[in-house]
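Chemist: Read off the chains here:
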Amino acid sequence: MSLDLELAAAETVYRVLSEDGSALVAEPPDVRDDDVVAVMAEMVKARVANGRFFSLQRQGRAGTYAPIEGQEAVVAGAAAALDPAHDWVLPQYREPVALGRFGPEVLRTYALYQRGHPAGGHFPAPVRVFPVQISLAAQIPHALGLAWAMRLKGEPGVACVFFGDGASSEGDFYEAANFAGVLGAPVLFLCVNNGWAISTPLHSQTAATSFAAKAAAFGFPGVRVDGNDALAMISVVAAARERAVTGGGPTLIEAVTFRMGPHTTADDPKRYQAPEERAGWEGRDPILRLRRHLEGRGLWSAERQAEAEALAAAEIDAAWDRAEAMTVSPDAFFDHVYAEPTPRMVTQRAELRARLGLDPDPGTGTGTGTGA
Amino acid sequence: MTLVEAINHTLHQEMERDGKVLVFGQDVARNGGVFRATDGLLDRFGGRRVVDTPLAEGVIIGTAVGLAAEGFVPVPEIQFLGFAWQAFHQIAGQLARLRYRSDGRFGCPVTVRAPFGGGVRTPELHSEALEAQFVQCPGLKVVLPASAADAKGLLASAIRDPDPVMFLEPLKGYRLVKDDVPEGEHLVPLGKANAVRTGDDVTLIAWSAQVEVARKAAAVLAAEHGVSAGVLDLRTLVPLDIEAIVAAVEHTGRAVVVSEAPQSAGFAAEVVATICEEAFYSLEAPVARVGGYDVPYPVGMLEEHYVPDAARVVAAALRVCGEGA
Ligand SMILES: Cc1ncc(C[n+]2csc(CCOP(=O)(O)OP(=O)(O)O)c2C)c(N)n1
Ligand SMILES: [Mg+2]
Numbered sequence: 000m001s002l003d004l005e006l007a008a009a010e011t012v013y014r015v016l017s018e019d020g021s022a023l024v025a026e027p028p029d030v031r032d033d034d035v036v037a038v039m040a041e042m043v044k045a046r047v048a049n050g051r052f053f054s055l056q057r058q059g060r061a062g063t064y065a066p067i068e069g070q071e072a073v074v075a076g077a078a079a080a081l082d083p084a085h086d087w088v089l090p091q092y093r094e095p096v097a098l099g100r101f102g103p104e105v106l107r108t109y110a111l112y113q114r115g116h117p118a119g120g121h122f123p124a125p126v127r128v129f130p131v132q133i134s135l136a137a138q139i140p141h142a143l144g145l146a147w148a149m150r151l152k153g154e155p156g157v158a159c160v161f162f163g164d165g166a167s168s169e170g171d172f173y174e175a176a177n178f179a180g181v182l183g184a185p186v187l188f189l190c191v192n193n194g195w196a197i198s199t200p201l202h203s204q205t206a207a208t209s210f211a212a213k214a215a216a217f218g219f220p221g222v223r224v225d226g227n228d229a230l231a232m233i234s235v236v237a238a239a240r241e242r243a244v245t246g247g248g249p250t251l252i253e254a255v256t257f258r259m260g261p262h263t264t265a266d267d268p269k270r271y272q273a274p275e276e277r278a279g280w281e282g283r284d285p286i287l288r289l290r291r292h293l294e295g296r297g298l299w300s301a302e303r304q305a306e307a308e309a310l311a312a313a314e315i316d317a318a319w320d321r322a323e324a325m326t327v328s329p330d331a332f333f334d335h336v337y338a339e340p341t342p343r344m345v346t347q348r349a350e351l352r353a354r355l356g357l358d359p360d361p362g363t364g365t366g367t368g369t370g371a
Numbered sequence: 000m001t002l003v004e005a006i007n008h009t010l011h012q013e014m015e016r017d018g019k020v021l022v023f024g025q026d027v028a029r030n031g032g033v034f035r036a037t038d039g040l041l042d043r044f045g046g047r048r049v050v051d052t053p054l055a056e057g058v059i060i061g062t063a064v065g066l067a068a069e070g071f072v073p074v075p076e077i078q079f080l081g082f083a084w085q086a087f088h089q090i091a092g093q094l095a096r097l098r099y100r101s102d103g104r105f106g107c108p109v110t111v112r113a114p115f116g117g118g119v120r121t122p123e124l125h126s127e128a129l130e131a132q133f134v135q136c137p138g139l140k141v142v143l144p145a146s147a148a149d150a151k152g153l154l155a156s157a158i159r160d161p162d163p164v165m166f167l168e169p170l171k172g173y174r175l176v177k178d179d180v181p182e183g184e185h186l187v188p189l190g191k192a193n194a195v196r197t198g199d200d201v202t203l204i205a206w207s208a209q210v211e212v213a214r215k216a217a218a219v220l221a222a223e224h225g226v227s228a229g230v231l232d233l234r235t236l237v238p239l240d241i242e243a244i245v246a247a248v249e250h251t252g253r254a255v256v257v258s259e260a261p262q263s264a265g266f267a268a269e270v271v272a273t274i275c276e277e278a279f280y281s282l283e284a285p286v287a288r289v290g291g292y293d294v295p296y297p298v299g300m301l302e303e304h305y306v307p308d309a310a311r312v313v314a315a316a317l318r319v320c321g322e323g324a
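Going down the list, the sequences are from chains A and B. FYI, the numbering for the first sequence is 0 to 371, going by numbering that gives the first Met the number 0. FYI, the numbering for the second sequence is 0 to 324, going by numbering that gives the first Met the number 0.
Excised from the complex, chain B in its bound form (with noise of 0.2 Å):
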């Protein structure tokens, strides 16, 4: 199955066994979405639990909260990543804080599902990583699958969690990944990095997109320079599963974390952080980092070199593994 096949199989599962899970966002019911994520829904279960809104982000978001606390799951689609900044100030300000200032009395157990991530010549604002926008608001849990059997996983797991989850999927990733996924209950908890590929030499770490890139990386690193990598995906960045990550790198003692967004504080930065304060007297190295650069998103001419390439991450892990480059 792709990994938006895997999404939508999902959303059935997760209507079908839970008749409060509503599907709405824009040109999510006729259209099935403009990636098809949310195909079938409206035929399968109707016009009540799957609604094609207005144009109009914030309101999105801010019904999403309002339905949650009267017991219904939503779960909301924003269409592309890049327009969560018109429902900022509902997903920041209200949607991850309402179970803290209402004092515990009303969670929020909505599931928000955004595409993202860089690569194939999308207008201004469709390509952006803010994953770390939402882990700097505390409350919201982020979540972004890297294969297809993950995104099914970590889908229902998010739709059951009693707290909101910023559900992030790979846009590039939609139709190129491809694997097998259980076709029955399938849940992978939140929290739980996957080692993807262990190594002894050096630890790639990365989340959507970028473990494809980081293992693509691995191979070549195997191949071509005789160095041992282990591959990481975090899975989620909140809650993080700083054990694996502590555990990885005391394995090998030298790191590489791999992302798309802004280098300057971003979830990178948050990585190397904790590995400097939890596994320091392991590291062999200065831990890496490859990701973008601090500018906006680039246009179609120019994001061939913004986005990290297994090269990068190559040279990066050479060099962390005192290997010239």
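Here chain A stands alone, though its shape is the one from the complex (with noise of 0.2 Å):
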């Protein structure tokens, strides 16, 4: 462990790169180059699948899509320091284009999930990484409860989960830290504090110096991570991690970035957001930022730039391509609301198919209405 967390104060943004990536400012985490480039790829990616999702969305092909923009670092320097093996990731609904190193499946299932395809639900056993949510916080208890169950079964994993500072204010986030606090359950509870909750700025949002500092009231540690600098990501979270795993309990991240896009397509920040507050952090991206400290060190090119956005694009327009050819049949959401549908559900999905002049029976195995 190259970190402290209990001598991590909640006041300070812990780094590793200077916020231009022209040098180390602290000791950068113990992992192997090779996962630095595999990042700085995932990253590459994301904001490649940002702008795809994002058009889609404008040509009417796809749903209303939530950017990502600007928090690569954030999700895909978590994910790096995770075991997708033994670990489980609760995103908030951001995330899923940065979490590939838990499988190509979840940017595949991604695209399902814009497309609004039931299957969109169901990142595929063994993924574990659990279904977007949209009911801000509410994934905070499951991932004390994920938690809590892997020790109860001895098994050596974490519970890793992302919310937003303005989901930091529900309930769901005090009375599940608090009890895993109670507990000291191996969850690491993700703060990302993007500067805003939709038109929210933090202080309408928060009275507190630092989402950190709300550790102390549960009695585990609280770390502000530079959410721009993915090797201070990888620090901070392999720390936590390895806190957890070794009985520690859990830890509070809050990784400070900026949400460079509009809250989704559907909004516009220009009612409530003045420019100069973007402009002041578009000096600061992570992608950019590790990338000129990866080109110092030999290890990034304009070449690899270029090879690593063409495998991007060609990785999302493949799970597009077979999002858009995924068929459902258009009784579907009568599966899976159950393990066997009620008798009345049984007559109402009949009613439904005679209606649309389908065969009366569904058959079985229907499954996730993929028609596959």
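One or more of the hints may lead you astray.
[Claimed, not checked] According to the in silico footprint, chain A covers these stretches of chain B (three or more CB under 8 Å from chain A):
#1 82-94
#2 285-298
[Said to hold, decoys possible] Capping the alpha-carbon separation at 25 Å, the derived lysine to any residue pairs in SDA-like fashion look like this:
#3 Lys-269(A) - Arg-57(A)
#4 Lys-269(A) - Gly-39(B)
#5 Lys-269(A) - Ala-287(B)
[Said to hold, decoys possible] Derived, one-sided and incomplete: chain B residues facing chain A with beta-carbon distance under 7 Å:
#6 Arg-29
#7 Leu-54
#8 Gly-57
#9 Val-180
#10 Glu-184
#11 Glu-249
It is worth saying that the hints were derived from the structure and are not from the lab. A virtual CB, placed ideally from N, CA and C, is assigned to each residue, including glycine.
Need the complex rebuilt from these two chains, each delivered in its own frame; the hints are there to steer you.
Modeler: Set out below in structure tokens:
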């Protein structure tokens, strides 16, 4: 463990790379160069996916999209410090495009989600990623439940739950964090402080000096980390993970970043955000920052960048083409409500199928309604 | 005026009329609400009366209870009705009951505004029709405008009502519904249904966005089937205009109840039971329901066949009229 979480003050922002990526200001995480390069590639992919989902929404082919632009390092960095075979990740809604470390299925599933297909909720086993959460903060107690279960079963994993600065105002956060402290459960509470909750700025969300400072009241450490610094994210999450799996209990990690895009494709930040605020963050781009560092070490180049972008585009196109080709039976909303449908649902489904001129028997094992 | 413009206009008028009216919720002040329902209120009435709250529905409703007990008239917004679940303990357990549990000492003149309803491909929990949940909380009134004029008249009445009101706005109709709205004082009493269309053969009973669906169905029934269908917009589920329901059913002898919510124990069931109790001997045929199915509100690719449409209402009406299909 390269970082002592107990000593990292909740008021200062931990960073490894200088803001422009030109220098190291703290000990880099103890990870292989290949892994850092993989984080870089993942961030590039997330940025490309971001542009793609945005334009698909504009073309009316995909649903409302919540952009990740500017926050790629928070997710890709944290994921790099987690163990996809043992840990759980619980996203809010911006994260899936940068969770490739948990398998290519994550992006493929997310494409279905954006398409409005029911299988978009289904990150297939054994992918240890919970469905996208729309009901803010509701996934936080679930993370504690998963962590509690892993401990009961004697398994070595942690549950890492992402939630926004806005979501942190919900009772679900306080209730779960408090209980996690009592249980000493292996949970990483990862608060993505991107400055805004739609139009609501931080000072309308909390009067605390930081989100990390709240950890003191729960009886476990809170750290602020520069969320635009992938290396710092890896360091902090790795340290918190190590602490959790060795019985040290939860950590609250506040990743300080900025939402560079609108809240979603349906939002217009011009109504509430001063343009200077965003401009001030432009020079702190997480991708340029890691890129400069890696180029300085001969681990990245313009060619590698172009290659990564092309690979990313191909992966996203494949995921989207697959999502668009995936059909669904119009009565698939009856699937998976219960393990066995109720008698009334059976009648309702038959009525719908008759109305649509479909064979009255929906068959068995329509599964996720993927038409597969 | 569109329906959402009528809401905005009425909030301005009511805040002007009564300095005790407060508007608060997520993104209502600076942003003017994600649908612009509260646009301009911050500029006009200032940050003491129009407040962006932290992102926590429980505390939005809970503080409304305390403010009301001190004589204010809170009009909190829940950004989407599906997030009222986070405040359900405050709505059902507290807001609805303060008058009762304080033995009449405190009232709760609170109007909780929230959009709901499907057909616009929203993410999860943005579309659910939860109205029946609130009907099961004695102490709450439940109001659902279907037109812009009613949005004004009912919202003004709700805000002036001494008791808490769930004021549920049709999300899909915010900009699609457009009609003439009286400029000055316009009050529509709570508990008075609206006979939107008169008819002799069958009564279509609906509320909120389904009123428009029922109207379309009535037009098709007249034009293509020679069936004369009346449309009754209930407007408020609590209080319920039982008299209007009974009168309409006594006139036609047949009824179809249209709603968006899952069928089992939805409010349509309450309407059917009321008809059976109060107008049974006028019935020429069993009352039919057209509604959502007993499943969670579906994802975008599947919602088309979940929300009732005119064709389903027409088919049900023909069935109760004994005309095949
Ligand atoms: C319980 C709940 N209330 C309200 C909303 C509507 N809503 C969606 S996103 C959002 C802001 C979230 O802000 P934050 O948690 O900071 O995440 P960010 O969007 O900044 O990533 C709101 C109010 C919701 N989805 N869930
Ligand atoms: Mg935020």
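Chemist: The structure should be examined with respect to each hint, and the outcome stated for every one.
Modeler: Do the hints match the structure? See the list:
{"no.": "1", "hint": "82-94", "verdict": "holds (count 3)"}
{"no.": "2", "hint": "285-298", "verdict": "holds (count 6)"}
{"no.": "3", "hint": "Lys-269(A) - Arg-57(A)", "verdict": "19 Å, holds"}
{"no.": "4", "hint": "Lys-269(A) - Gly-39(B)", "verdict": "15 Å, holds"}
{"no.": "5", "hint": "Lys-269(A) - Ala-287(B)", "verdict": "49 Å, violated"}
{"no.": "6", "hint": "Arg-29", "verdict": "5 Å, holds"}
{"no.": "7", "hint": "Leu-54", "verdict": "4 Å, holds"}
{"no.": "8", "hint": "Gly-57", "verdict": "6 Å, holds"}
{"no.": "9", "hint": "Val-180", "verdict": "25 Å, violated"}
{"no.": "10", "hint": "Glu-184", "verdict": "31 Å, violated"}
{"no.": "11", "hint": "Glu-249", "verdict": "29 Å, violated"}
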